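Asker: Quick note on numbering: the sequence shown equals residues 1 to 223 in this note's numbering.
Mixed in with the good hints there might be a few duds.
DMTMM-like mimics (lysine to aspartate or glutamate), calculated; alpha carbons at most 25 Å apart, straight line [to be verified]:
1. K4 to E113
2. K5 to E109
3. K86 to D52
Simulated from the structure, these hints should not be mistaken for laboratory data. Quick caveat: nothing in here was measured; it's all calculated off a predicted structure.
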Amino acid sequence: MGAKKAVPIVIASTPFGLLFGAVAVDSGLSIGEAVFMSATIYAGASQLVGLDLFGKHIAPWMIVLSIFAVNFRNVLYSAAVGRRIKHFNIVQKAAAFFVLIDPQYAEVEMRSEAGLKITFPWYMGLGLSMYVCWVTQSLIGALFGNLVTNPYAIGLDFLLPIYFLGMVMSFRHRKNWVPVVIASTICAIAAYKFVGSPWHVMLGASGGILLAAIIAKPAMEEA
1 MGAKKAVPIV IASTPFGLLF GAVAVDSGLS IGEAVFMSAT IYAGASQLVG
51 LDLFGKHIAP WMIVLSIFAV NFRNVLYSAA VGRRIKHFNI VQKAAAFFVL
101 IDPQYAEVEM RSEAGLKITF PWYMGLGLSM YVCWVTQSLI GALFGNLVTN
151 PYAIGLDFLL PIYFLGMVMS FRHRKNWVPV VIASTICAIA AYKFVGSPWH
201 VMLGASGGIL LAAIIAKPAM EEA
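Throw the hints in and build the complete structure from the sequences for me.
Answerer: Dropping the structure here:
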């Protein structure tokens with residue numbers, strides 16, 4: 001079942017979920033509002049970006065655009081996963097895309113490459129397990145987050161980046177993986193320095209995609 005695959009992901013995301021709940025309440029949201037935000041948006045990074053911007057005098061369109069920049073990768077995930085779940089009906093696809101986050105995409109790709117079918121029960125077993133845990137983590141963080149005064153001091157903020165690094169490394173067998181990762185990294189660092197956050201997420205991904213498109217050989221040529 002997909003729920004088994006969610007266990008290490010949930011463990012890695014727990015500090016991040018707790019941190020969001022604590023930061024949300026500290027930023028002025030009620031416990032209910034913090035949980036509602038996690039349940040409806042379900043996108044950790046953009047939720048934190050939103051919290052950071054809500055308290056400042058920034059135009060609403062700028063907040064929306066900033067969140068879009070952080071979540072730009074989900075457009076790419078949708079395109080990639082969409083071809084794996086063509087057999088889902090429209091309701092199943094709607095549910096599938098709602099729970100589509102970084103680890104969900106990675107697990108779908110790895111399962112497909114292993115020659116296994118992406119069934120709806122497997123997909124939602126994985127997705128719903130992570131979703132329910134994320135909302136629960138946000139609630140616990142909102143209730144008790146003030147007990148951990150400095151999560152950065154004990155390295156809790158570093159667990160999720162380690163997981164994402166492992167996720168990226170799991171695709172290292174793919175053709176042109178090294179140059180694409182290098183290009184994406186260089187573009188992201190340059191964008192972070194000269195343009196700023198959160199635009200480095202979108203620009204870094206765009207740099208990797210551009211190089212991949214340039215060096216990829218058409219299917220007709222390879223045949």
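Asker: If a hint holds in the structure, say so; if it doesn't, say that too.
Answerer: We went through each hint and held it up to the structure:
Of the pairs offered as hints, the one joining K4 and E113 holds, with about 19 Å between alpha carbons and a cut-off of 25 Å not exceeded. Simply put, K5 and E109 have alpha-carbon atoms about 13 Å apart, close enough for the 25 Å limit, and the pair holds. In summary, the hint linking K86 to D52 is not supported, as the alpha carbons are separated by about 38 Å, beyond the 25 Å threshold.
Hint compliance for this structure: hint 3 is the single one not met.
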